[in-house]
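Chains as they are written, first to last, in this note's numbering: chain E, 1 to 114; chain Z, 1 to 113.
None of these hints come from the bench; they were simulated from the model. Just so it is clear, the structure is predicted and the values come from calculations on it, not from any experiment. Each residue gets a CB set at the ideal place from its N, CA and C atoms; glycine is no exception. Any given hint could be a false lead.
According to the in silico footprint, chain Z covers these stretches of chain E (three or more CB under 8 Å from chain Z) [what the hints assert, rightly or not]:
hint: 1; stretch: 43–51
hint: 2; stretch: 97–105
If you want the ones that stay clear, here's a sample from chain Z, every Cβ over 12 Å from chain E, calculated [what the hints assert, rightly or not]:
hint: 3; residue: Val4
hint: 4; residue: Gly16
hint: 5; residue: Tyr39
hint: 6; residue: Pro44
hint: 7; residue: Asp55
hint: 8; residue: Arg61
hint: 9; residue: Ser69
hint: 10; residue: His72
hint: 11; residue: Gln81
hint: 12; residue: Asp84
hint: 13; residue: Ser85
hint: 14; residue: Ala91
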Amino acid sequence: ETGVTQSPTHLIKTRGQQVTLRCSSQSGHNTVSWYQQALGQGPQFIFQYYREEENGRGNFPPRFSGLQFPNYSSELNVNALELDDSALYLCASSPGQKPNYGYTFGSGTRLTVV
Amino acid sequence: DQQVKQNSPSLSVQEGRISILNCDYTNSMFDYFLWYKKYPAEGPTFLISISSIKDKNEDGRFTVFLNKSAKHLSLHIVPSQPGDSAVYFCAASELGGYSTLTFGKGTMLLVSP
Chain E
1 ETGVTQSPTH
11 LIKTRGQQVT
21 LRCSSQSGHN
31 TVSWYQQALG
41 QGPQFIFQYY
51 REEENGRGNF
61 PPRFSGLQFP
71 NYSSELNVNA
81 LELDDSALYL
91 CASSPGQKPN
101 YGYTFGSGTR
111 LTVV
Chain Z
1 DQQVKQNSPS
11 LSVQEGRISI
21 LNCDYTNSMF
31 DYFLWYKKYP
41 AEGPTFLISI
51 SSIKDKNEDG
61 RFTVFLNKSA
71 KHLSLHIVPS
81 QPGDSAVYFC
91 AASELGGYST
101 LTFGKGTMLL
111 VSP
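The shape of chain E in the complex, shown without the other chains (with noise of 0.2 Å):
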C-alpha cells in the first residue's frame, strides 16, 4: 500500500508566475485536502475534494484553484504568485470527508517565489 506522494518535492519560481502541484493519493482514498504552512505556522486549509467536487474552501482568494482527476489524484493550481505563497504545500487523502477517518499527509512541496 503506498502512501501519499507529492511531486515536485521543491521548486523556486518568480513572481507572477503560475504553478501546479500535484499529488497521488493514497490506495482506497476518495478525498484529498490541501494545505499551506508558512514558515512557523501551523498548516492552513486550503480547500478539499471528495470525488471529484470542490468540498470545503478556506480562506483563499480564487487564484489558489484545484482538480481531481478520476483515480482520486488531485492538483492545486496557484496564478499571479505572490512572494508571501512561499510555503511548503501539503496534501492528505482519507478514505472520507471527515478527519476521523484518519489523513495520511504526503511530505509536502516547498514552494519559493522571488
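Chain E is fixed; fit chain Z onto it per the hints.
Using the frame of chain E, we list chain Z on its own:
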C-alpha cells in the same frame, strides 16, 4: 484570529521523563481533536485523537486529556524517548461542519538522552 493555540514554541525534556504538550482552543463548535507529529522534510503523522464526548484517550505511551470547560487539551508522553523529538501539532475539527482541520502553530519537543 487563532482558534487553536499552542503557546509553547518549544519544550526540552530528558529521556525517560514525562513530556506534556498543551493546546487551547476558542471555538466551542470543535468536537474532535487530534495530535500530529512532524519530522523535518516529512508530512505530519497522526498520533492520537479524542472526541469531545471523552475526557481521556490513551494509546501506548501517548495520552490525550480534554477539558471542555477550559477549552484545553494536553498530550502526555511517558516515558519520553529521543525519537520523540519532533514538532507536535494540535488540530481541531467540527465533525458536523466543514471537513477541515484547524491547526495550532506547533511545539518543538526535544528529548535529550
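Beyond 12 Å from every chain E Cβ - status for Ser85 (chain Z): holds, 18 Å
Looking at Asp84 (chain Z) again, its CB stays over 12 Å from all of chain E? holds, 18 Å
Val4 (chain Z) clear of chain E by more than 12 Å, beta carbon to beta carbon? violated, 7 Å
The output says Pro44 (chain Z) does not contact chain E. Does that hold with a beta carbon cutoff of 12 Å? violated, 5 Å
Quick check for students: does the CB of His72 (chain Z) sit more than 12 Å from each CB in chain E? Since the minimum Cβ distance to chain E is about 17 Å, His72 (chain Z) lies beyond 12 Å and the statement holds.
Just double-check Gly16 (chain Z) for me: nearest Cβ-Cβ distance to chain E has to come out over 12 Å. holds, 29 Å
Once the closest CB in chain E is found, is it more than 12 Å from Asp55 (chain Z)? Asp55 (chain Z) clear of chain E: closest Cβ-Cβ about 17 Å, beyond 12 Å.
Please settle this one: Ala91 (chain Z) was flagged as non-interface, so is its CB more than 12 Å from every CB on chain E? Violated: least Cβ distance 8 Å, not greater than 12 Å.
Hey, is Tyr39 (chain Z) genuinely clear of chain E, shortest beta carbon separation above 12 Å? The assertion about Tyr39 (chain Z) is violated, with a minimum of 10 Å to chain E.
Mind verifying the non-interface call on Gln81 (chain Z)? Its CB should be farther than 12 Å from each CB in chain E. Holds, since 22 Å exceeds 12 Å.
Whether chain Z covers the stretch 97–105 of chain E (at least 3 residues having a Cβ closer than 8 Å to its Cβ atoms): Since three or more residues must qualify, the claim that chain Z covers the stretch 97–105 of chain E holds, with 8 doing so at under 8 Å.
Does Arg61 (chain Z) sit more than 12 Å from chain E, CB to CB? holds, 20 Å
Hints 3, 5, 6 and 14 from the list above are not met by this structure, while the remaining hints are.
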